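Novice: Each chain, letter by letter, is given below.
2 protein chains.
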Amino acid sequence: MIDQYFEVYPKKIEKVLSDFFKMKKENCKNENIKNIIEKIEEYTLRGGKRIRPVLMIFGYKLFHGKNIEEIIKTAASLELVQSYLLIHDDIIDESLLRRGKPTIHKTLEKEYNDKKIGVDLSIIAGDLADSYSVELINNSDFDEKLKYKAIIKLSEIIEYTGYGQVLDILSVFQTDNLEENLLLIHKYKTAKYTIEGPLILGGLLAGGTDFELISKYAINVGIAFQLQDDILGLFGDEKTLGKPVISDLEEGKKTLLIIKMLENASAEEQKKISKILGSKNISFTDLKYVQDLAVKSGALKYSQDMSERLVAQAINAIKDLEAPEKEFLVEFANYVISRKF
Amino acid sequence: MIDQYFEVYPKKIEKVLSDFFKMKKENCKNENIKNIIEKIEEYTLRGGKRIRPVLMIFGYKLFHGKNIEEIIKTAASLELVQSYLLIHDDIIDESLLRRGKPTIHKTLEKEYNDKKIGVDLSIIAGDLADSYSVELINNSDFDEKLKYKAIIKLSEIIEYTGYGQVLDILSVFQTDNLEENLLLIHKYKTAKYTIEGPLILGGLLAGGTDFELISKYAINVGIAFQLQDDILGLFGDEKTLGKPVISDLEEGKKTLLIIKMLENASAEEQKKISKILGSKNISFTDLKYVQDLAVKSGALKYSQDMSERLVAQAINAIKDLEAPEKEFLVEFANYVISRKF
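Top line first, the protein sequences correspond to chains G and D. With this note's numbering, the residue at position 200 of the first sequence is 184, and numbering never jumps. With this note's numbering, the residue at position 119 of the second sequence is 103, and numbering never jumps.
These are calculated hints, taken from the structure and not from any lab test. Only a predicted model underlies this, so the values are computations on that prediction, with no experimental measurement involved. Heads up, some of the hints might be wrong.
Because identical chains share one entry, a pair is satisfied inside a single copy or across any pair of copies.
Mimicking DSS-like on lysine-lysine, the simulated pairs with C-alpha atoms at most 30 Å apart in a straight line are [what the hints assert, rightly or not]:
(1) Lys137 - Lys(-1)
(2) Lys13 - Lys237
(3) Lys137 - Lys285
(4) Lys(-5) - Lys6
(5) Lys94 - Lys285
Excised from the complex, chain G in its bound form:
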């Protein structure tokens, strides 16, 4: 059932986005502005799982929405929000690549032969993508009162993602409560933004009002989703993932795996891990060392156990729901911890 969703909807969402950008470019008379619109378009259409719009469509169906064509049009807005946040994220992380291609600030840096102009234009490109997301919601035929509720909720989702980002940036200074702080970041940056938010947005547009159960489900699944992301970031298969498996280590990401590993490590092991984390030339031996320590220290098992517990709690939260909606949610929760990409 999930496979079906991810087979059918991403293409339709991309068609909506592509039509939207075609219209934006046609209406634009200035070449410099058009160039930025094209950059946002190319970035947004690079691919990705389109998980947020797909969950928004599912949330709509879950609350008995019937206008599938309009919800597809509206759900595509979440990919513009994603571009907004990722473009700023790329600047903050000084990332060179996103989905296998140069980040916008690197593309623009090269084009204008100026690093600062690349970053400056990308800050604005992100802001523009945010305005585009609102425009796309407005373009749909839903009742204005429903669209209003969706836009207010979307703004709140973006606010919490920002809080997660603040905590993430400041986590380098964190000396205690590392795990608690990390789980809060996962709640704000992933669970609310990637799972709970999209489901509720879809539900709102279907006229739903009571999101308590779905919220409990989504927060648990969302944190598990991020924990699995971090496990794949260390143990995943490069080809299936579409990104080098050392990139999390290069970024110096303090995942739950790393936190637990360091907690249980000897002084020598701690020293070695700290040297590898954030280094720009990580060898296969380094990767193997971290992988082995993750297993040996119990960090991997700790992460996996937590994911499974969260997924069990999520499924328990929706135990009184009926088929076929329940079926999808259970399947999705299980997919989250079993996925390979």
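Chain G is already provided as a structure; the job is to place chain D on it using the hints.
Specialist: Leaving out everything else, chain D in the frame of chain G:
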């Protein structure tokens, strides 16, 4: 009549903002997040003319809106939009000061003893201020259909401000049509954002639908407003302005004054101007030199004439309006070109 508006409303707007931030801080349990909220609060409450919310309130009255208390609550959102855009602007311009105090990225750089973290947190602080502006509109008691229209319009205004910013960043590469390009930047970054947008937002919340006249008025007045800003930036009185009169020169701003000056200047004068523009130690002699050349070359007169023409066109656009609304608009248009700060 204008003085009255600027005497009465800014204080009320600041009260709304201050209550809003009080609520945000009370609801926030995390010290790192609260710290960012406090930074946005302090930045937003530093003062400024509050011209955008005041014009929004006026736009509301112009379209016969009666609920003054609610429009004040809603109009305050424009100061949060202003913080959003200015925080990003400060990063782009690498500004040290804003309204006489350190910019947010400088404050955070100092606090965390890390330049990059200062900038990264400020990108997010800007994004958060944008979410807050939507929240503040949502908090008002206006009908949801009206608030919906206002939020959609606001997003469009922010989009165009972004386009103006793109053109502004890229204007260093501009070799021809300098004046045309600059006037387009003024239209997007100032006229639409500072004058037309707020008036229409107020009008929308009053239930207005026809903004053709007001739009024509506002775009003309808005461009004149920016031209006057640039004149004050070279000839103004430091004390009245609240910022050093050399700061535009230090920033290397290519105002209409500078463009016209360079057009008519000798090779030697051009060389000297280019040397002064963007320099970090501008002397009183340098300032005097640029001022004299602005007069001698006719650049000052050219700018002033254009402002006056624009204001005349603006007043002509609203000739069929009736008092007392017309009175305010005429007075405001004249204030724009006669103001000293």
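Novice: Work down the list of hints and note, for each, if the structure agrees.
Specialist: Here is what the structure says about each hint:
no.	hint	verdict
1	Lys137 - Lys(-1)	both (25 Å within a copy, 25 Å between copies)
2	Lys13 - Lys237	between (43 Å within a copy, 25 Å between copies)
3	Lys137 - Lys285	neither (36 Å within a copy, 51 Å between copies)
4	Lys(-5) - Lys6	within (16 Å within a copy, 45 Å between copies)
5	Lys94 - Lys285	neither (44 Å within a copy, 41 Å between copies)
Consistency note: the structure conflicts with the earlier hints numbered 3 and 5.
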